[in-house]
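Chains A and B are the protein sequences, given in the same order. Anchor point for the first sequence: position 21 equals 21 in our numbering, and the numbering is continuous, going up by one each time. Anchor point for the second sequence: position 124 equals 124 in our numbering, and the numbering is continuous, going up by one each time.
Do not rely on the hints blindly, as some may be mistaken.
Stated by the list, open to error - Interface residues of chain A toward chain B, partial, derived using beta-carbon atoms under 7 Å:
| hint | residue |
| --- | --- |
| 1 | Arg291 |
| 2 | Leu294 |
| 3 | Asn295 |
| 4 | Ala296 |
| 5 | Tyr300 |
| 6 | Arg591 |
| 7 | Ser595 |
For the record, the hints were derived by calculation from the structure and aren't laboratory data. Given the structure is predicted, the values throughout are model-derived calculations rather than measurements. C-beta: ideal position from N, C-alpha, C; glycine also.
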Amino acid sequence: MNLLNLSIKRKLILMTMLTSSIALLLSWASFLIYDLISFRSLLTQDLSTQAEIIGYNSAAAMAFRDQTAATATLSALTAKGDIVGAVLYGPNGKMFAHYFRGEETLPELQPTCSQKKSYRFQGQYLEVCHDVTLNGDRVGTLFLMSDMRQWSMRAQRYAKICFVFALMSAFLAFLVSSKLQKLISGPIMHLEDTMKMVSANKNYEVRAVKSYSDEIGSLMDGFNAMLSDIQQRDTALRGANEELQTRTQELEEEITQRRQAQEELLKAKHVAEEASRAKSTFLANMSHELRTPLNAIIGYSEMLEEEARGSENSGNIQDLQKIQAAGKHLLSLINDVLDLSKIEAGKMTLHLETFDVTGMIEEIVATLQPAVEKNRNTLHVRLADQVGMMRADITKVRQILFNLLSNACKFTDHGSISVDVDRRLEDGRDWIRFEVVDTGIGIGAKQKENLFKEFAQADTSISRKYGGTGLGLAISYRFVQLMKGRIAVQSEPGQGATFRVDLPAQVRIETPDSAPAEGTSEVPSPAGAVKADRDTILVIDDDAAVRDLMSRFLTKLDFNVFAAGSGEEGLRLARQVHPGIITLDVVMPDRDGWSVLNQLKAEPELSEIPVIMVTIVDNQGLGLELGASHYLVKPVDRERLAALVEKHRNMHSSAPQTVRIPVSMSPDGKHVGPIGAEIVRRR
Amino acid sequence: MARILLVEDNEMNRDMLSRRLERKGYSVTIAHDGEQGLSLACSQMPDLILMDISLPLIDGCEVTRRLKANPSTRHIPVIALTAHALLTDREMAFAAGCDDYDTKPIDFVRLNEKIENFLVDKRTL
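If we strip away everything but chain A, and leave its shape as in the complex, we get (with noise of 0.2 Å):
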């Protein structure tokens, strides 16, 4: 192995050196096979013909028995040196004389000469036997032995010439070969070594040199163009390399603007929110600081008007009234400046409760009334008979339609404005329907695009002629939105408008959790969706006594139970817990159980859960209206308290829906006074 990774000069020189010798070696193997063979006939031819002259010279001694005169005629032998031995056997194959080189003896010279003339090989010896006649008449047979002694001297001196001349070529060849294999190995080492330089160098522009058109040159050529390829493709790569480097950098550079812009909108929304907080504030403030003014405009001119009916200088209540109207105007309009706000800072929140739509419309016609005569117009109501109850947030969908009906009255002369309120199902959703529809000035194509924006009435001159913000509708739509309602108009210049509100019947307060169940199912559920915990209740009661009696009862139930000493106490445990079920007393100090009660049932994510009123105030109308579920007058029946709880616990559906009754709005729709305590003394 370690052979073949010699290099290509040492290889080639060895081949080279190699073939050279086995060569020479072949031709002198030649040589010598044949010298060999004519050796031995050589020494054949020339022990025959000894053996014939000693069979002529001792054929007369043979055939007188003269075994002195033959013995001499063999010692003449020892002349030739390569003769070993010679034996002269009689007729009858007894040795009759004998010749031996030195003190040698030829126990296996047993000669069985057959033939008259023969010969053979024998080993290192060459035997000849050859017939003694004389006068034609066999008379003994003599026998020769002959070494080849003489020949292996010669394959000596052969050998020792050979190798003399051995060494002599190889090192001939050695340096023949050695300038010869440049003209292979040349050319391959230039090839390697510019190989190398540009593995080294990436330097792609060296080119071998091309030496001769054999193959290693057109080797060279397809090294050379592979490498012109390379050159081209790295030149390539790196005009694309430095194209990508400069877009890198600007698009690095683009980054960076970006991110710098970013920073500075992000900047430019906070200063935005800031502004708008600041906005929303100052707009609060300044309804604070305009009111308290207006409080006492109004006030005086009533006041004077009361006095003036009162005397007899009645001239002057018309102009009372006319300062009185003013006033309640700017009223009204800082009231939707409040309001936009309010929306606009997101504060606007829905406080929903189930009521009668057919009352809420009754009382809303009811303060309409002197607008609607203002104009000479009439009003018609048409509701449908299955309207019903609905879940809203009422003062909002009262001001809603407030400000649609004020609008007809106010577009509206000598003509007819109608509401028409219908329930219907749409999407398996369950929708109420009011239409507001007047004969009045009606609405341009321009103008609706702009009817629900804020601050963007019709026309300018309308709010000369009409006075108003233009911002009703606005409020108006944001209401609807809050809702998830639609609104929308129909009207041309001229042909009256009809404005068309559409409301869930059940509005929900949108949170994560309450999203995907929306539009599933059509029964009333908790707004909030905040899962109640069914085996807790809550004690609301400010005597310790009581509070621990009716714990050790409903634990004895298996309920947990939390209890509060006092109405704020029990609000803040009724946010954390989410109770299954509440127990609240009503005469507490600092607040009484009607408050908690109303703020129970005003707080979205509480207003589901059951309370049972447990007191000694027997008022079971008041807190059954205020949307308590049961009323307990302690003493209480333990009885009936488990009944009861157990009744609410075993319950899988929401608590029944309790109708809460408006209990007074005031002119504008806006404010409803929450306490309990007037409905029933009002009644």
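Chain A is already provided as a structure; the job is to place chain B on it using the hints.
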């Protein structure tokens, strides 16, 4: 003759409201600030208190809280009056223990109804 304590710092409102209340036949006592309102309420024990919420020294909510904490004055109905129409004011007033709430400018007819309701109730019980 029912006695009403009017706690109000604005002079014009005080004057106007007291005159109109007196004309309706009530006996009106006036307090200029929260402290005075508190002491007059305790000393005179009026039948009803009209309480402005934004008052100097002690605000109306605090005065109400103290009156409702005092067993001797707890029963006196307090109607909060405020020029703030924000819902938080209403909630604050109720949290302080006010029995009712109205916004300025006063709708005198409505306010009178509320006062009468409280006083009628007191007479019948």
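Cut-off 7 Å, beta-carbon criterion: hint that Asn295 (chain A) touches chain B: Holds: closest Cβ of chain B sits about 4 Å from Asn295 (chain A), inside 7 Å.
Proposed interface contact between Arg291 (chain A) and chain B, which counts if any beta carbon pair is under 7 Å: holds (4 Å)
Hint validity - Leu294 (chain A) Cβ closer than 7 Å to any chain B Cβ: holds (5 Å)
Chain B contact restraint on Ser595 (chain A) - CB to CB distance below 7 Å: holds (6 Å)
When the least beta-carbon distance from Tyr300 (chain A) to chain B is tested against 7 Å, hint result: At about 5 Å, which falls below the 7 Å cut-off, the nearest Cβ of chain B leaves the hint on Tyr300 (chain A) intact, so it holds.
Interface hint compliance - Ala296 (chain A) to chain B, C-beta minimum distance less than 7 Å: With Cβ-Cβ at 4 Å, under 7 Å, it holds.
Hint status (Cβ of Arg591 (chain A) to nearest Cβ of chain B, threshold 7 Å): holds (6 Å)
Against the hints set out earlier in the document, no violation occurs for any number.
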